[in-house]
Amino acid sequence: MISFQNVSKLYRGKGNHTALQNVNLQVGKGEFVFVVGPSGAGKSTFLRLVTREEVPSQGRVIVGGLDVGALRPRDIPHLRRNLGVVFQDFKLLLNKTVWENVAFTLQVTGVSRRDILRRVPAALEQVGLRQKQDAKPLQLSGGEQQRVAIARAIVSRPALLLADEPTGNLDPEAAKSVVRVLWEINRWGTTVVMATHAQGVVDSMRQRVVALEDGRVVRDQLQGAYGA
Amino acid sequence: MRNWRYIWGEAWANLVGNPWMTAASLGSMAVAVMVLSIFVVFAANLDYLAGYLESQVQIRVFVTDGLPATQIAALQKQIAALPGVRQVSFVSKATALKQLEQEFGREKGLLAGESKTNPLPASFSVKATGPAEVAGVAAKLARLSGVTNVSYQAQTVQRLFTLTTALREIGGGLALLLIVATGFIIANTIRLAVFARRREIRIMKLVGASDGMIRGPFIIEGLLLGTLGAALSAGAVLWGYWWLFRSAKYSLPFLPLLSLHLIAEILAGMVVVVGAGVGMLGSFLSLRRYLYSQEQV
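So the sequence lines, in the order shown, correspond to chains A and B.
Each residue of the first sequence is one higher than the one before, starting from 0 at the first, in numbering that gives the first Met the number 0.
Each residue of the second sequence is one higher than the one before, starting from 0 at the first, in numbering that gives the first Met the number 0.
Keep in mind that the hints were calculated from the coordinates and are not lab data.
Check the hints yourself; a few may be wrong.
Unchecked claim - Here are the in silico distance ranges between beta carbons for each label pair:
hint	chain 1	residue 1	chain 2	residue 2	range
1	B	Trp-238	A	Arg-113	45 to 51 Å
2	B	Leu-173	A	Lys-95	42 to 48 Å
3	B	Val-34	A	Gly-167	48 to 54 Å
4	A	Gly-167	B	Trp-11	33 to 39 Å
5	A	Tyr-10	B	Asn-187	28 to 34 Å
6	B	Trp-11	A	Gly-141	28 to 34 Å
7	B	Leu-261	A	Asp-74	48 to 54 Å
8	B	Ile-37	A	Gly-109	42 to 48 Å
9	B	Asn-187	A	Gly-109	27 to 33 Å
Heads up, the beta-carbon is just placed ideally off N, CA and C, and yes, glycines get one too.
Starting from the given sequences, assemble the full structure and let the hints guide the process.
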């Protein structure tokens, strides 16, 4: 699903900060992977290279068979329609209802109205928010807002779901509900990559853990835990 | 087709959903277009006035006293055939005297002695195609046989020529400048709208919306705002012109003014070209810059 081949990422400017250094990594179809490490270890850069928000300074990033770094700008939408992304701060549109936020993904990618009417309720059902479809984001709790964001990410049925610190702003209960939803999604066949430093979550799941430190992969462990 | 429904729906929802933003944008567009339309109305009338004045430039061609009618007719044909001549009319001795009497008005009694002998020569009144042609035409006229003297107000013609040329050139330049300025105002207005919705744009990009889909609603917004703003100001300017036109007809009846109908046509053209065209182009360009600067996102 994802293949990093000798990938380095340099941010030019003050001090030429190296965010990733010579990373080699394969993520297979249907895997559930935690990317852990302290702040600034390169977790977000890793995800941004997959979504083509960044291009690698060296090496190749292959996602679903596409050489992401070499994509022409007009081909980027095709890559992203096969990705779902979830952020720490949810990034919901506050003036739209839950339903509209989820439907938005489909509308802007040109999905027919009939399909939207079919797929939005299914996605909301999957995150357990069918009852709140008419609420505005600010009327919901943090955990619920994040689940709306997840519904938005999966409504286009992506093969790969990326989550960047999805539980970072949530209390432990809400975090658990969010991770449970991600786990469910993974069981239906979607590859999930989650960057996090929520130790409790990682330790309770016993999934593959990739640890980054100063831009290098220092550990890659099946059924791993947060600490070594 | 369904994309169009989304794009128009979104544009409309954004305009109606942010009434203050919409009012502010409409206001600045209306003011920008109003400055431009007032100028264009003014310039169009000046041009009309210049053309009118140009058409009034006359060359007087005096003919030998006692020239027979057949020769006068032949001379008139000759003059009319000269390049640069727009119109030629014959003023007989009797007509010349009558005109002079008219000019004297109540004091025409002073001419009583003259009307018996009539020393005024017969002449042709010649109009050139434009002030630039007057001097050349006059020179050619002087060389014709049967012509004793040619006169025209050389200085007046020269000044008028300079004035009308300058008016047209400066007017054209200013109009271009104002159109560009209007375009910038519209582009900036759209840029503000883009900035206010950068979150939405980022999400659209992340879920794989094409650039066309992201631009669409903004371009339609630019089109609607531009057209509506321009229509508002054009309406106001037209109303103002109508009011001025009506009062000028009584107080300055000699002033040639373009008809209301023609001004309405000019303003309607501006609504389409400046309002719709520049509105769409402005949002297209400001969005292209924005999307380009965010290319990686």
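Comparing the hints with the structure gives:
{"no.": "1", "hint": "B:Trp-238 with A:Arg-113: 45 to 51 Å", "in the structure": "holds, 49 Å"}
{"no.": "2", "hint": "B:Leu-173 with A:Lys-95: 42 to 48 Å", "in the structure": "holds, 45 Å"}
{"no.": "3", "hint": "B:Val-34 with A:Gly-167: 48 to 54 Å", "in the structure": "holds, 52 Å"}
{"no.": "4", "hint": "A:Gly-167 with B:Trp-11: 33 to 39 Å", "in the structure": "holds, 37 Å"}
{"no.": "5", "hint": "A:Tyr-10 with B:Asn-187: 28 to 34 Å", "in the structure": "holds, 31 Å"}
{"no.": "6", "hint": "B:Trp-11 with A:Gly-141: 28 to 34 Å", "in the structure": "holds, 33 Å"}
{"no.": "7", "hint": "B:Leu-261 with A:Asp-74: 48 to 54 Å", "in the structure": "holds, 52 Å"}
{"no.": "8", "hint": "B:Ile-37 with A:Gly-109: 42 to 48 Å", "in the structure": "holds, 44 Å"}
{"no.": "9", "hint": "B:Asn-187 with A:Gly-109: 27 to 33 Å", "in the structure": "holds, 30 Å"}
Violated hints are absent here; each numbered hint is respected by the structure.
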